[in-house]
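Please work from the sequences and hints to get the whole structure.
When you line the sequence shown up against my numbering, it's residues 6 to 336, in that order.
Because the hints were derived from the structure by calculation, they are not lab data.
Here are the simulated BS3-like cross-link-like pairs (lysine-lysine), alpha carbons at most 27 Å apart as the crow flies:
#1 Lys66 <-> Lys263
#2 Lys143 <-> Lys66
#3 Lys279 <-> Lys48
#4 Lys48 <-> Lys66
#5 Lys143 <-> Lys263
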Amino acid sequence: MTQTTAQRTATPRHYLMCPPTYFDVVYAINPWMDPSSPVDTAKALAQWEALRDAYVARGHKVDVIEPEPGLPDMVYAANGGIVVGGRALAARFTYPERAAEGPAYDRWFGTPAAEGYRRLGEANEVMEGEGDLLLIGKLLLAGTGFRTTPAGHAEVAERLELAEQGIELVPLELVDPRYYHLDTALSVLDDGTVSGEVVVAYHPEAFSPAAQETLRERFPDAILVGAEDAAVLGLNVVSDGLHVFLSDRAGAYADALKERGFVPVGIDLSEIFKGGGSVKCCTLELRPETTTPSAVPALTGTALASAVVASAVLADAAATTAAPAAPEETR
Numbered sequence: 006m007t008q009t010t011a012q013r014t015a016t017p018r019h020y021l022m023c024p025p026t027y028f029d030v031v032y033a034i035n036p037w038m039d040p041s042s043p044v045d046t047a048k049a050l051a052q053w054e055a056l057r058d059a060y061v062a063r064g065h066k067v068d069v070i071e072p073e074p075g076l077p078d079m080v081y082a083a084n085g086g087i088v089v090g091g092r093a094l095a096a097r098f099t100y101p102e103r104a105a106e107g108p109a110y111d112r113w114f115g116t117p118a119a120e121g122y123r124r125l126g127e128a129n130e131v132m133e134g135e136g137d138l139l140l141i142g143k144l145l146l147a148g149t150g151f152r153t154t155p156a157g158h159a160e161v162a163e164r165l166e167l168a169e170q171g172i173e174l175v176p177l178e179l180v181d182p183r184y185y186h187l188d189t190a191l192s193v194l195d196d197g198t199v200s201g202e203v204v205v206a207y208h209p210e211a212f213s214p215a216a217q218e219t220l221r222e223r224f225p226d227a228i229l230v231g232a233e234d235a236a237v238l239g240l241n242v243v244s245d246g247l248h249v250f251l252s253d254r255a256g257a258y259a260d261a262l263k264e265r266g267f268v269p270v271g272i273d274l275s276e277i278f279k280g281g282g283s284v285k286c287c288t289l290e291l292r293p294e295t296t297t298p299s300a301v302p303a304l305t306g307t308a309l310a311s312a313v314v315a316s317a318v319l320a321d322a323a324a325t326t327a328a329p330a331a332p333e334e335t336r
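Structure representation (structure tokens):
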């Protein structure tokens with residue numbers, strides 16, 4: 006196990022979630038779903054509320070989209086779309102059973118609650134949101150093989166203007182039907198912005214040989230998660246850079262997280278697991294538009310001269326009125 010001296014720091018996030026008001030397993034579109042197994046909706050709602058409360062208790066903002074009757078999988082908000090740099094693209098699903106979820110999430114991006122995000126509408130190609138698209142720094146890891154298509158990847162790159170944002174899309178092929186979305190086989194834990202250490206975790210057997218090679222090259226110090234924890238969807242996590250919200254059944258993985266300086270927060274989502282999802286599936290991250298110093302226009306000519314004069318006047322005034330004993334940061 007790789008040891009770390011990195012200082013983990015939690016950063017506030019903005020999440021969108023959907024309560025499991027109509028959650029049920031009435032069809033089977035992944036290996037985890039068994040329509041003959043009854044679902045306790047009240048228990049599912051209580052578990053969902055515990056996850057939402059865990060986010061809020063640690064300083065994160067959570068918006069809630071209204072669930073719609075007839076859409077039992079709408080609780081899996083991560084699949085509803087992707088939001089990067091303030092641009093929001095709603096999903097287009099593989100299976101007709103979930104087709105109406107894309108428009109539902111797109112409508113939310115047109116509400117006052119989503120003010121500040123640019124609504125791009127629905128994807129034209131098959132693209133199942135953050136189920137298959139995981140951002141880590143300037144890389145967008147893009148799963149394919151079961152749901153989101155390579156054409157969906159290309160559309161995401163174009164419509165989210167990834168190149169303009171300096172983001173590289175990295176395709177990864179999934180080969181095990183139990184791990185039909187990327188977020189069931191790989192965890193984004195730390196993008197290194199604060200800690201200086203980029204960390205992911207993944208279950209190697211879920212990926213094609215080529216994808217495994219890509220992951221080894223990109224993330225040589227990744228946490229490798231075994232079959233037992235992968236099979237309880239332990240990799241389906243949300244991390245804020247310090248706290249890692251994950252299934253309370255992923256014991257060995259939680260221990261590995263502690264060794265790397267993270268604080269695992271175990272959540273019981275056993276009822277929602279019956280649909281083939283866990284923590285990350287229930288959570289869509291809303292990333293606002295970011296500004297960089299290069300986006301600020303340079304001052305030239307008269308504007309520059311005026312700014313210099315104004316700055317000098319303000320400096321003289323400050324020097325005249327400031328108390329002699331005041332510390333530098335107060336002035």
